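Trainee: Residues per chain, in single letters:
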Amino acid sequence: MKIHQLSVFIENRPGSLTHPCACLADAGINILTLTLADTERFGILRLIVRDWEKAKAILEQNGMIVKVTEVVAIEVDDRPGGLRRLLEILEHEPGANIEYMYAFTVRTGGKAVMIFRFTEMDKGIEALRQARVNVLSGVELYERAESSSADARPA
Amino acid sequence: MSFQWNDLNGTFHPDTALDYLPEGQLRALQLQRLQATVGRVYHNVALLRERMDARGVKPEDLRTLDDIRRLPFTEKTDLRDTYPYGLFASPMSDVVRLHASSGTTGKPIVVGYTLQDMETWKNVILRALAAAGLHRGDIIQNAYGYGLFTGGLGLHYGAEALGATVIPISGGNSERQILVMRDFGATAICCTPSYFIHLIEHGASMGVKLKDLPLRVGIFGAEPWTEEMRCFIQRETNIRAIDIYGLSEIIGPGVGSECLCQQGPHIFEDHFLFEILDPRTGDPMPDGEEGELVLTTLSKQAMPMIRYRTHDITRAIPGPCGCGRTLRRIERISRRSDDMLIVRGVNVFPSQIEAALLKVEKTLPHYQIVLRREREMDEMEIRIEVTADVFSDRVGELERIEARLGKAVESTTGVRARISLVEPQTLQRSEGKAKRVLDLRKLDALKP
Numbered sequence: 001m002k003i004h005q006l007s008v009f010i011e012n013r014p015g016s017l018t019h020p021c022a023c024l025a026d027a028g029i030n031i032l033t034l035t036l037a038d039t040e041r042f043g044i045l046r047l048i049v050r051d052w053e054k055a056k057a058i059l060e061q062n063g064m065i066v067k068v069t070e071v072v073a074i075e076v077d078d079r080p081g082g083l084r085r086l087l088e089i090l091e092h093e094p095g096a097n098i099e100y101m102y103a104f105t106v107r108t109g110g111k112a113v114m115i116f117r118f119t120e121m122d123k124g125i126e127a128l129r130q131a132r133v134n135v136l137s138g139v140e141l142y143e144r145a146e147s148s149s150a151d152a153r154p155a
Numbered sequence: 156m157s158f159q160w161n162d163l164n165g166t167f168h169p170d171t172a173l174d175y176l177p178e179g180q181l182r183a184l185q186l187q188r189l190q191a192t193v194g195r196v197y198h199n200v201a202l203l204r205e206r207m208d209a210r211g212v213k214p215e216d217l218r219t220l221d222d223i224r225r226l227p228f229t230e231k232t233d234l235r236d237t238y239p240y241g242l243f244a245s246p247m248s249d250v251v252r253l254h255a256s257s258g259t260t261g262k263p264i265v266v267g268y269t270l271q272d273m274e275t276w277k278n279v280i281l282r283a284l285a286a287a288g289l290h291r292g293d294i295i296q297n298a299y300g301y302g303l304f305t306g307g308l309g310l311h312y313g314a315e316a317l318g319a320t321v322i323p324i325s326g327g328n329s330e331r332q333i334l335v336m337r338d339f340g341a342t343a344i345c346c347t348p349s350y351f352i353h354l355i356e357h358g359a360s361m362g363v364k365l366k367d368l369p370l371r372v373g374i375f376g377a378e379p380w381t382e383e384m385r386c387f388i389q390r391e392t393n394i395r396a397i398d399i400y401g402l403s404e405i406i407g408p409g410v411g412s413e414c415l416c417q418q419g420p421h422i423f424e425d426h427f428l429f430e431i432l433d434p435r436t437g438d439p440m441p442d443g444e445e446g447e448l449v450l451t452t453l454s455k456q457a458m459p460m461i462r463y464r465t466h467d468i469t470r471a472i473p474g475p476c477g478c479g480r481t482l483r484r485i486e487r488i489s490r491r492s493d494d495m496l497i498v499r500g501v502n503v504f505p506s507q508i509e510a511a512l513l514k515v516e517k518t519l520p521h522y523q524i525v526l527r528r529e530r531e532m533d534e535m536e537i538r539i540e541v542t543a544d545v546f547s548d549r550v551g552e553l554e555r556i557e558a559r560l561g562k563a564v565e566s567t568t569g570v571r572a573r574i575s576l577v578e579p580q581t582l583q584r585s586e587g588k589a590k591r592v593l594d595l596r597k598l599d600a601l602k603p
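Those protein sequence lines, which keep their order, are chains A and B.
Quick note, the first sequence lines up with residues 1 to 155 if you use our numbering.
Quick note, the second sequence lines up with residues 156 to 603 if you use our numbering.
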């Protein structure tokens, strides 16, 4: 149920994002989604790729420090109030504090996907499932992401 | 089968007898050798003769060891100014070896050895290794650089003379160092302490824990280091981290070395006479107080040195050592007067920064000290490469590490520093002695 997310340390300076992205591009690895947490001096690039083990090895071979973190991909109704409902479910679960979250570019059948990291991952997942929120498995996520990017490809 | 003295592993080695010379005899030997050395220099080295004449001192004026204070100092600049052979006291036909140290500014300095000097060098290294508990049957991986640098070849011949097996691997190529160490069953290693810390980490990344290897002694020198580094090395491996002291101008490694009591290097006083002086006035410091180490060679032939200013800061350790050697000890060199940075009027040494970083992180990260002048104020920035150990997916965690590093640096140096975590492999490196300080203050002053 949990998805492997890669976190890469980067400095906050022009061009520092290019290096990891170029390494993955050269290896033919598609970035499904990414987000950047930054401070004045440094940042953490978080990314989701299908073959995370290969991507990790490539980034490390190129001298980067990579950490693997577990996150969950959650289906959200793509309409006003969709995210609010989710957040209200989580509010009642004290262990499921959201450390960070970010959106996925996938959107199918009126559903969007968001990535969440909770302080206690299992508690967050359990609360959502009890409320019948769809928590995507890795396979579902990658398939959805890849079919949508195939749709988006210009003819 | 014939019996050999060095079959007695680990017991007294006959060549170390001079380590235990009674004090009176040691001082008498020093005086006799000092008089001979000064006579040799006076007659063969023009620069020294001129300086002695200018002071009105003749070799025969040296009647006691204290009379050494009447002699002029020798500075590193003297070696550069007389480059390459100006301070040699032997004809070139008697010089069998040359070494050189890379000068940081322009010309290198050149040092020469006669056959007798080579014997002296071999002797002091043998005694250094024996004092560290090494003997015939030990396998010594010599990871000091072979070539013009004195470290590699200097250790090499002394280790062979001891009867140990030498692996002349030289410096660099960490992966091969680890494989050789493991496969050849090395029991001792010689290199700089910072390179060894790097090897511990490199071994771990290859799945080789140095703790599981037969390695039991490390002979570390060629750069200032700290007690924190020693504790770290001894905790992460099963070795005794021994401090060897030396400098090319005097002989190379082997001016002094620690015994297994590990309480500062014993100086081989039968060959080298040391003084601890106030670096500003040149006056002797009271016994046991810190000052600049000044060395005079007592048996060197090709290039004797009279009162050579090392710029290394140390003190003489008072009292006898538990090992029974009568050779006096100095404290391990953790700083040099020319390493000293003055930041907002406070004296700061790179070794203090290292101690602070080692306290917070479990390993010594690659770092660089950058000094700038902003609005007439010195700013100290410490750039630290992020390691897998400290990197966290959470911004808050990284900020906490920065804050802890900053606090540790401030509490050891008394100066506030800005800590910048930087990407791995971005700071400049060199094998062995690393370039740790980037002082941009002079450049900043030139800006309009």
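Be aware that one or more of the hints could be misleading.
Beta-carbon label-pair distances, calculated as ranges [as the list claims (entries may be wrong)]:
1) Asp-236/B to Glu-40/A: 15 to 25 angstroms
2) Pro-94/A to Met-495/B: 49 to 59 angstroms
3) His-4/A to Glu-529/B: 40 to 50 angstroms
4) Thr-518/B to Glu-40/A: 21 to 31 angstroms
Hints in this document: simulated from the structure, not taken from any laboratory.
The structure displayed is predicted, hence computed values, not measured ones.
Note that the Cβ used here is the ideal one computed from N, Cα and C, for glycine as well.
Trainee: Each of the hints needs a verdict: does it hold here or not?
Mentor: Going down the list of hints, with the structure as the test:
1. Under the hint 15 to 25 angstroms, the C-beta atoms of Asp-236/B and Glu-40/A, about 49 angstroms apart, miss the expected range.
2. The given range of 49 to 59 angstroms is respected by Pro-94/A and Met-495/B, whose C-beta atoms sit roughly 54 angstroms from each other.
3. The hinted window of 40 to 50 angstroms between His-4/A and Glu-529/B holds, with their beta carbons roughly 43 angstroms apart.
4. Checked against the given bound of 21 to 31 angstroms, the beta carbons of Thr-518/B and Glu-40/A, roughly 26 angstroms apart, stay inside it.
When held up to the earlier numbered hints, the structure conflicts with hint 1 and nothing else.
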